[in-house]
Every structure is written in C-alpha cells, then in structure tokens.
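J.: Next come the chains, spelled out residue by residue.
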Amino acid sequence: MTGIKRQFHRWTTATGVVFLSAAVSAGPGFIDSSRVSGDASGAKIEVAFNCKAQYLRHEPEGGGDHLRIYLDPTSICNGVSPLVANSRSILRPLNADLAQLADLEYEGNSAAEPVLTFHFTRPVTFTVDASNVAFNIVVNVQASAGQTAPPQTKPDVEHRQVARPKPESPEYVINLASFQRIPTTADALGLQPAANQRIVYSEAEVGGATWYRLQLGNFDDADAALSTLEELKPDFPGAWIDKFDAGGASTELFVSTEDAEIDVVGQPASSGDSKVDALMDEARKLMVAGDVARAIQVYTKVLQLPNHSRKPEAQEYLALAREKKGQMAHAKAEYERYLALYPNTEGAGRVSQRLAAILATGRQLNGSVGTINAGGSKQRIEPSKWKMQSYVSQYYRRDSNQQNDENEIVSQSALYSDVNFDARRRGERFDFSSRLSAGYRNDFLDEGEGTGNQARVSYAYADLADAKSGLRGRIGRQTRNTGGVLGRFDGLNLSYKATERILVDAVFGKPAYSATDGVDSERSFYGASVNYGPILGELELGAFFIQQDIEGVDDRQAVGAEFRYFGENQSVWGLVDYDTLYDELGSAFLQANWRFANRLSLYGSYDRRHSPFLSTGNGLIGQPVETFSDLLEIYPEEEIRQFSIDRSPLSTTYTLGMSHSLSPKVQINADINETSVDATPESGGVPGMPATTFRYFATSIVASSLLKEGDVSIFGIRYSDSDTSRVMTLTLDSRFPFGKTWRVNPRLRVDRREGLADSSYEWLYTPGIRIQYRRSQRFRVELEAGKQFAQRESVAADSDRESFFFNIGYQVFF
Amino acid sequence: MTKPKLTSELCKVLSTAVAFLLLASCSSSGSLLPSKLDPLTAVTITYSKAPLVFYRNESGRAAHARDYVHLGPLEVNRSGTYSYYLWLGIWNTMQDARGDEPRDGFDAIVVFADGEPLPLEIAGWTPAAIGASEHAYMKPVASAADAYYAVTVDQLRMIAEATDLRVQSTGPQGKSYEPWDSQASAKASLTAFLSASVY
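Residue numbers (our numbering), protein chains in the order written: chain A, 1 to 814; chain B, 815 to 1013.
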C-alpha cells in the first residue's frame, strides 16, 4: 500500500510539474521580447516588457555572473492583462552568446519585488540603462570580465522620458472590465469621459474564449491614463491600462458628454424646453451619483411630458437605468419600446445591440421581480428552473354556548389545517404550472357532538400553456365563473387565444359544488365560450353555451352573455343566463356605478335569478332519496322537471347606494337593499314555501387616524326588516397598528332583534378582539376572541345566553 | 309554476344596460390610464381604468353568494416623489346580511403571482393613506371597503406579468380569491400603467 502511495505521489508531483511548466509557458508573459546585439567588444541586451515597469534597483553593481534587476510593473500594458506581471518565465534570446548570456529569468511571483535575472556563462561587467517607467530595459555587457564597470548612476528619468518619442495619436486606453458578453453602456454608468474620449468595447480571444473588453480612451500618454485609472479604481477595481490597438476593431458605446448634453441618439436637445433639459440634467446627475432608482423616476417623468425632442434619449436612458439596476426584463421591455417608437433613429442600432446583449447573455430577466422583500430580490429565470412555493396555515377554533347558567356546551373544537402548493416551470415556449390547495379539519369533539373530521380539496390541477400557438389546457379540480360554469369542477378547460382580442374556451367536466365533495358520479357537462375585447379599451363581451347531464338526463342547458364596461367615472357589469331547456331566464345581473365631481358616487344593482340555479337535479330537494337515479325510479322525468322548477324559486334583489368622502380621512357610505323570493308550490310531497321579502338600510362612517396615525374606525348602523323579524345593529370596529409587527382590532356589536311571530325582543352584545403579530414577511400569528351576551324577552319566557369563541393560529410561507 | 316572460325580463335588463352604456360612453375619456390632480392635497394620482376582478364562490351560504375583490395599481406623485400602491375594493353579494366586517382578513393579504407569495400590509382604509382626499378607483358597491397597500414597482410588475394570479386574505377565515375569467380590459390597463407610468 505504501508503495502505491509513493507511486501516486510521484505521479501527482510529475503531473503537477508538467502542468506548472505548461502554465508557465502558456500565453503571453511579462517579457514581450529580448534581443542581443553587438560584437566581441561589447553587447547590448534589450528586454521588452508587455507592461510598463518601474525600475527600482539592480544588483550587483558593475559586474558578476548574474544581474538582478528589481522592477515594479504597472497596469499600463500592451494588449495583455496586468496579471502577466505576476507570471514567471525563462528564456534565452537569440545571439545570447554575444553577451555571455545563459538565460533570462523573470519572476513576477517572487516573495520580494518582481525580479529580472540575467544569468551569464562567466563573469562580465555590465551597466543598466533603465528609465523610471518604461516598456523596456537595456543592459550593456562588456567583453572583458576583468574590467570593473564604472559606478552606476541613477537613471535620468526626465531625460529618458523626454527622449521617448511622443505618440502621433492617442496611444492608451483603460480596460475598465472584461465580460464574456457584449458590454453595454449600463456597465459604464457613472463614467464621464472627457472631451474627445470614447467608451468602446473590443473583442479578444483568450484561451479559446471570447472576451469583450470595455475600454475608455484614448489617452495621449500613459501618465494621463494612469491618473484616470486611479480615479476609476473605486468603480472599476479590475481596470488596467492597455496600449491602443489602432488596427484592432472596437465598437463605440457612446461619445463624450463632458461639455455638451448627452446625445446618445443623435438628436438635438430640445432647445426651448428648459424643463425637459433640467430634468434630463437632474437624471444624469442621479445616474452619476448612483441613485438609479430616482433617475428612473425622473426619466419616466421626462417621457410623460408632452412633445419634445429628447424623448428618445430619455427612453434609452430609462432602459439603461433599468439595466444598471439589474432589472433585465424591464430593460428589455424599454429597449423594445425604444425600437418600436424610434426605429429609424441613429440610436436604434445601438439599442438593438444592447438588447441583443441582454438576450444573448441569458442574464436573469427579473421583470417580475419583487416579492416579499421590499427591494425584490427574487428573479425569474427565462427559461426557469422549477419553482415551488408552499403555504401552510393552522388554526384552532373553539365555540361554546351557555344557556341560563346551565352547563357550557362546546359546539366546535377543531383544528383547521390548510396547505397550498404551487409548482411551475417557465420555458421558452411552454409554461407549466400546477397547484394543490387542500385542507383538513380535525374535530376534537366526541362522535355525535361535532361534525367529524373532514378533508377538502379546493384545487388540484396541472396547467400547460403554449406561447406559440396560444393554446392552454388546465386539467383537474379548478374553478370557472363564466362560460355558464357554476364554480368549482373536475375536468378540462381548453383555451385558445385566437387574436389579441378573441379568446375561445372549451370546457368538459363534472361539477364539484363543494370542496369537500369527491368527483360527481352523476353529473357531467361540456360547453364553449368566446370572449371579445377590449373594444375601445373599455368594453368586453362574452357569450357561451353549456350542456349538463345528470344520469343521462338533461340537467341544464343554457346560453348566455356577459359584458363589462369600465369608464373613468362609470362602470357597468351585466350577465344574462338563459336556460334553453326550461325556457326560463336563469339569471340576470346588472351592476353600475357612477362617480360625480363632488366626491359623490352612486351605485345600483339588479339581480334576478333562480335560487338555487335552475337544473333538473334540483328535483331531489326535499325528496327522501339521495341520488337522482333513485328519484328517476319514483317519478317520471317530466314530473321531476316540474319539481325542479318548484324547488328553484326566483329571487330578485335591488340595491341602491352612495358613498361620499367628507374629508381625506372620513368617508360615509349608505345603501338600501330589497330582496324578494317568490313562493314555491307544494309538489312531490315537498311542502310549499311562502314568498318572503327582506330589506335593509345600512350606513357606515369610516374614519382614519383618529387616535394615532394609521388607525381606522368604522361605525355602522344597520336596520333590517323581514317577514319574521326586525333587527337594528350598531357596530364599532377599530384597528390600531403598533409598530410594524402588531395590530390590534377591538370591536363591539350590539343587536336588537324583534321577533314578529312571538313579539319577543332580544339584545345581543358582542365584544371581541383580534390581535395579529407578524414575526416576518413569511410568518404570522393571529388570535381572535369574543363573547356574546344575549338577553331575550318574550311572552313565553325570558332567557339569557352566553357564547364564547376564540381562534388562534399561524400562517407560514416556504 | 312561475314562468317569467323572457322578453320583458331580457328587455328590461338589456335596455337598462344599453342606456347606461350610451350615457357612460358620452363622458368617457377613452384613456386606459386616467390621471387626476387631487384638489385638496395636490398629489397627482395615476391609476388603471379597469381594475382586476377576483372572486370567491360562497355557495355554502347561498347559491349565488360570492365574495369579490377588485384590485388596481396606483402611482402617487407628491412633488416628484413617487409612491406606489395597490387598491382593493372588497365586497360580497351578501354584504351585511351576514354581519361580517368585509375588512376582516385584509389587514394583511398575500398576492400570489405565478405562485410567488407577495405579502402586503395594509397602508390604510381611506384615501388619506395615499395622501389623497378622495379615492381614485370607484368601489363596486357602496358597502365595499377600500383598502390600500404599499407596493414596490417590482411587485407591481410581477403582478402584471403573472399568468396566474390570486389574492388571499389572512387570518382564521383566510380566503383565496381567484381571477375572474377573461379580463382583457384590466390586463390592458395594467400593462399600460406599467408601460407609461410606473418607474
């Protein structure tokens, strides 16, 4: 085993050396080139560097078999990264023998300063010719090893620098940062190029990978570049100086803005609109200061101003600001808007480029960011990975009653547990989502006292949407409220978005009128609907047909229509459902409101419908059988249809209301309502019911910040009148926030009931309190408790009753 | 058996609706994105003309009983300082008959946008909560409760871009409200709001 270990170590060591050697020799190093010239009397060794270096010192003085020159490399480099200064390399120049040179060794990773070592084959005398900061260094070697070289003097830096020829054109650029995507102007926000400078990006192949270098330039001399580099270091810590490659290709991002207004789209600034100019200037300063969020608001404001010439510019900068803020979906949308609005401007090409960069780099598009953190840190990935969310809540509820000092009777003691689970995945073409929403009631009462344990499944479906075809399918337990579907059902809903305004739906399934129901074994339905709108941006229309069967018998067949209109100060909503099987109006609903200039709004609604909704299955109501098939064995179908109509009386409701803001903190509301239900005849052994009428008048005053900032109090009076009783109700409900985590909601309700049948009076006093504690955005605890005191006086007997209830529980999100 | 006269019923409903629509369209501005200057507080409020409508069947109480929540975005410009809110109009077809306070469970809500929970805390129940003297949105019925929740722009965008939305009230009687089918106007309004107003 030890031998194997040794072999392994040997193998890994050898492999490491090989890799190290490869690493040392791979790619450009600090030494760009070396050259030896001269003759037998003397030779000159010239070593060129890829980065400018500060000469520090050398040793030994005069001569020897080696020469060590200590350097301080700068980040002014010639087409390479300054990191090469940390590399290590050994080379032997051509004609090295002329200078008795064995090799040159550069050690950038030396423990001390980087050092350049000349190894000679025998002792020589030498002089070092170095500028203070230069791309090269020259060593003169004398042929006579026995002659001592004159003492070295400090290099004349000024002289050397003056001696260097001044570049004919701008020579240096600063590489601000490198990306494996095309840089955008957002990457250089806050940067203010001087006059005649540009921000560009160039392309380079490094190690087989394409890198894009964001560059600022050009600089006439390295010192100017170096000075700017120091200023930029805080924002661009990885910046370094490069020699301008005149033959290389670079793409400009935008031009200098120092002395003129930013003109990214090549349009002249609005000369006469000083407000626009001022806002644009403010936005630019905010961008420079890094207050991008505020800049976004200002650019938006500029865009909202009426016609001016700087809209394209503001639009582009709005997109840039979004990009800078990391809101890539927003930025994408803004770039697209720019291209839609200003396709022929000079900036369109540039914007297209930025948009392409966003799309190509696959950066996370967080357009729908937000969420539970105020800043919105969660991001949607397009295409996304699976995303799952769940929500759990548990509440314990207890209700008890006590009549005339008798023993307390507990009517409810149960734990309600609910869970909601969402899983979804967004793809390039298909979006998948699924949802399970279910609950369970643990009844702690003894059998016969409570209603028992119960499971509920409100939603359990999978949904697939195809963005390309406009098709969408949802299968499982779900709900619909239009298209003639009466709420929850188990089945399939297919949607097809034919155009932007036309949506066609087809639905197949079995009704599930309650979440506690299983799949209905008797009823099934199918239907189709079409929705059209918006028309003129305000009106929507829909029409439907639906057919429902029960045990092979027509249960419900209806056609209908819906319309909705939303105006600025009016809205109207109407629904009509006509049962073609019974030739009856199933329901008609109309709701409208109108707002007037004096902070007064009026409301009205009309609702006429069969209640319950007309269907053949209603024939079962009051019958001593449980299933429709059993009923069919007792009564013929035609007679059952008549029962259905008899058990589905028409109800009609009218409501009129008003609301008025008395002040910003006080609002008054009032409404009157009348509901009448037609009488039902006796049939099939089920007794008839008399017609009933119920009406109420209610008014409430809502006032905020009465006692402390953020509170609200609602004072309500309601009077109701029915065929059997009259009730007057007073309510007081106050809600007080305490800090950000607590809310306390005391309340009081007082009822006075007058029984018309037995001339009784009953007073009910119901004080209560709700307390909420929010530990975090994801966790909340709530307590609700209350007591009701009832005193009833009647000719037969007086009685007292007390009821107590409380709920306590929590909600948590995962 | 009572058989209503179809013609008269339908005519009554439709003629009322058409009359109202004609009347309403006469005074309509046609913009998806109304904006108003509050006469007392001088804030400028931009909102969506058509709010999103969410519902919940309450067939356990009555065959036609439903709870509704209307939801709309608001931008409040206070001398250049922008704030964003969600407005909720909370009501039910059995309003007051059961005596429940419609605000219960709405001190805090959770908007699920494509499954992502956005917990929101109430900012206030009157327009004072947003610095206005009157509501920008019309509540659907007089008995409806207005509620305002402070939101971020990103939260609004998330709501606007979601293909699957629902609103959940909190507390012991927490309820889930599903979006009304086909709300093209509301979605167009919300998109317009985000495109033109919210940043």
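In case anyone wonders, no lab produced these hints; they're calculated from the structure.
Don't take every hint at face value.
Claimed, not checked - Calculated lysine-lysine pairs in the BS3-like style (CA-CA distance at most 27 Å, straight line):
1) B:K989 to A:K510
2) B:K1001 to A:K497
3) B:K1001 to A:K665
4) A:K275 to B:K989
5) B:K1001 to A:K468
6) A:K301 to B:K850
7) B:K989 to A:K387
J.: Determine for every hint whether it applies to the structure shown.
T.: Checked hints:
1. B:K989 to A:K510: 24 Å, holds
2. B:K1001 to A:K497: Cα-Cα ~14 Å, so holds.
3. B:K1001 to A:K665: The hint is violated at about 31 Å.
4. A:K275 to B:K989: 49 Å, violated
5. B:K1001 to A:K468: Cα-Cα ~20 Å, so holds.
6. A:K301 to B:K850: Roughly 15 Å separates the two Cα atoms, so the pair holds.
7. B:K989 to A:K387: Roughly 23 Å separates the two Cα atoms, so the pair holds.
Going through the hint list in order, the structure does not satisfy hints 3 and 4.
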